[in-house]
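Chains F and D supply the protein sequences, listed in that same order.
The first sequence begins at 1 in this note's numbering and counts up by one.
The second sequence begins at 1 in this note's numbering and counts up by one.
The hints are simulated quantities; they were obtained by calculation from the structure and are not laboratory data.
Take the hints with a grain of salt, since some may be wrong.
For identical chains, the list gives no copy identity; a pair is met inside one copy or between any two copies.
What the hints assert, rightly or not - Mimicking DSS-like on lysine-lysine, the simulated pairs with C-alpha atoms at most 25 Å apart in a straight line are: (1) K137 <-> K163; (2) K163 <-> K144; (3) K163 <-> K52; (4) K166 <-> K52; (5) K52 <-> K22; (6) K137 <-> K166; (7) K52 <-> K10; (8) K10 <-> K137; (9) K166 <-> K130.
The structure displayed is predicted, hence computed values, not measured ones.
The residues making up each chain are set out below.
Protein chains: 2
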Amino acid sequence: MSAQHTEFSKRNEQYVASFGDKGSLPMPPGRKLIIVTCMDARLDPAAHLGLKEGDAHVIRNAGGLAKDELRSIIISQRLLGTREIAVFNHTDCGMLTFSTNDVRSTVKDAAKGDANVAARVDAITFLDFKDLEQSVKENVAWLKNEPLLLPETVVTGWIYDVKDGKISQVV
Amino acid sequence: MSAQHTEFSKRNEQYVASFGDKGSLPMPPGRKLIIVTCMDARLDPAAHLGLKEGDAHVIRNAGGLAKDELRSIIISQRLLGTREIAVFNHTDCGMLTFSTNDVRSTVKDAAKGDANVAARVDAITFLDFKDLEQSVKENVAWLKNEPLLLPETVVTGWIYDVKDGKISQVV
Numbered sequence: 001m002s003a004q005h006t007e008f009s010k011r012n013e014q015y016v017a018s019f020g021d022k023g024s025l026p027m028p029p030g031r032k033l034i035i036v037t038c039m040d041a042r043l044d045p046a047a048h049l050g051l052k053e054g055d056a057h058v059i060r061n062a063g064g065l066a067k068d069e070l071r072s073i074i075i076s077q078r079l080l081g082t083r084e085i086a087v088f089n090h091t092d093c094g095m096l097t098f099s100t101n102d103v104r105s106t107v108k109d110a111a112k113g114d115a116n117v118a119a120r121v122d123a124i125t126f127l128d129f130k131d132l133e134q135s136v137k138e139n140v141a142w143l144k145n146e147p148l149l150l151p152e153t154v155v156t157g158w159i160y161d162v163k164d165g166k167i168s169q170v171v
Numbered sequence: 001m002s003a004q005h006t007e008f009s010k011r012n013e014q015y016v017a018s019f020g021d022k023g024s025l026p027m028p029p030g031r032k033l034i035i036v037t038c039m040d041a042r043l044d045p046a047a048h049l050g051l052k053e054g055d056a057h058v059i060r061n062a063g064g065l066a067k068d069e070l071r072s073i074i075i076s077q078r079l080l081g082t083r084e085i086a087v088f089n090h091t092d093c094g095m096l097t098f099s100t101n102d103v104r105s106t107v108k109d110a111a112k113g114d115a116n117v118a119a120r121v122d123a124i125t126f127l128d129f130k131d132l133e134q135s136v137k138e139n140v141a142w143l144k145n146e147p148l149l150l151p152e153t154v155v156t157g158w159i160y161d162v163k164d165g166k167i168s169q170v171v
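Start from the sequences and build out the full structure, keeping to the hints where you can.
Here's what the structure looks like:
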């Protein structure tokens, strides 16, 4: 495989050429907003929500799971002033297709009996889920009940449909 | 504060109107690539790297710290075939401006002696760092040395400059 990163600098030049006055944007998000969403390659949250540079913190991981990002959310709220969180899960998510045991087995099989690898991967919960709408609801409930988050936080939960680009609010 | 999320659906309509044939994109990232970068509101990685929907997994948290995202990176590699990771940190990062003790104090002061809150926040390491280039190098070194990641992974480390939109490769 040839490394894709060799193209980054070339493509970045176009962005730099039309950068405009974005260099004066302040550090705190202008909309006081956090988006939590999945790492899925088909999602471009800035594009499908119409967000511009400077608007919102964007936190992304496998599944779009807020409970895996408490560190980042606390920093966003306490140091950078965000007061609203919108959590997005999406249709056809990879997290619906496997179990934690599946991933552990895949990693252990490839490592051919390496005890260190086995112990390390068995310590990880991969947070797979079986129901998309339920996952959104659990995300929102977790955010509303976590004692380290600000009680006045506005929390909403959404589903993004990878087939047509539409969002719909669940909670 | 009025909730910003009321505008999401309106702005999403424009994205849906020009969605084209993106509904047929497969789940695995076409470039077999993971981008790890900061949640910072000023960063739009798809825009500044010229990535399109379907190209790459994008993982974002406070600081752009790979070690906080092992769960997601394993899923990306083992279930969805990625083989390259590019880590981005950026200038003027909030992570350079505080210490873990600062955040813990802020949270505890606001909770006015709540022992549960104090115990929970004292258990979190906020992963602040003091040197940007050093952070990129540590990110890359961590990725290259983590036994649960594929040894053939191509790893590069970069800095994004929020003042002019330019990227530069560190490692």
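25 Å Cα threshold - placement of K52 relative to K163: Close inside one copy (24 Å) and across copies (16 Å); limit 25 Å.
Homomeric proximity label, K166 with K130: Cα distance no greater than 25 Å: within (21 Å within a copy, 41 Å between copies)
Alpha-carbon proximity between K52 and K22, which holds within one copy, between copies, both or neither at 25 Å: both (10 Å within a copy, 21 Å between copies)
Alpha-carbon proximity context of K137 and K166, limit 25 Å: Within one copy, since 19 Å is at most 25 Å while 39 Å is not.
Status of K137 relative to K10 across identical chains (alpha carbons, at most 25 Å): Answer is between: at 23 Å across copies they meet the 25 Å cutoff, but 42 Å inside does not.
Alpha-carbon proximity between K166 and K52, which holds within one copy, between copies, both or neither at 25 Å: both (19 Å within a copy, 17 Å between copies)
Copy assignment of K137 with K163, given that the CA separation must stay at most 25 Å: within (22 Å within a copy, 39 Å between copies)
Intra- versus inter-subunit Cα pairing at 25 Å for K163 with K144: Cα proximity of K163 and K144: none, with 30 Å in one copy and 36 Å across.
Same-copy or cross-copy closeness of K52 to K10 [CA-CA at most 25 Å]: both (22 Å within a copy, 15 Å between copies)
Of the numbered hints listed earlier, the single one contradicted by the structure is hint 2.
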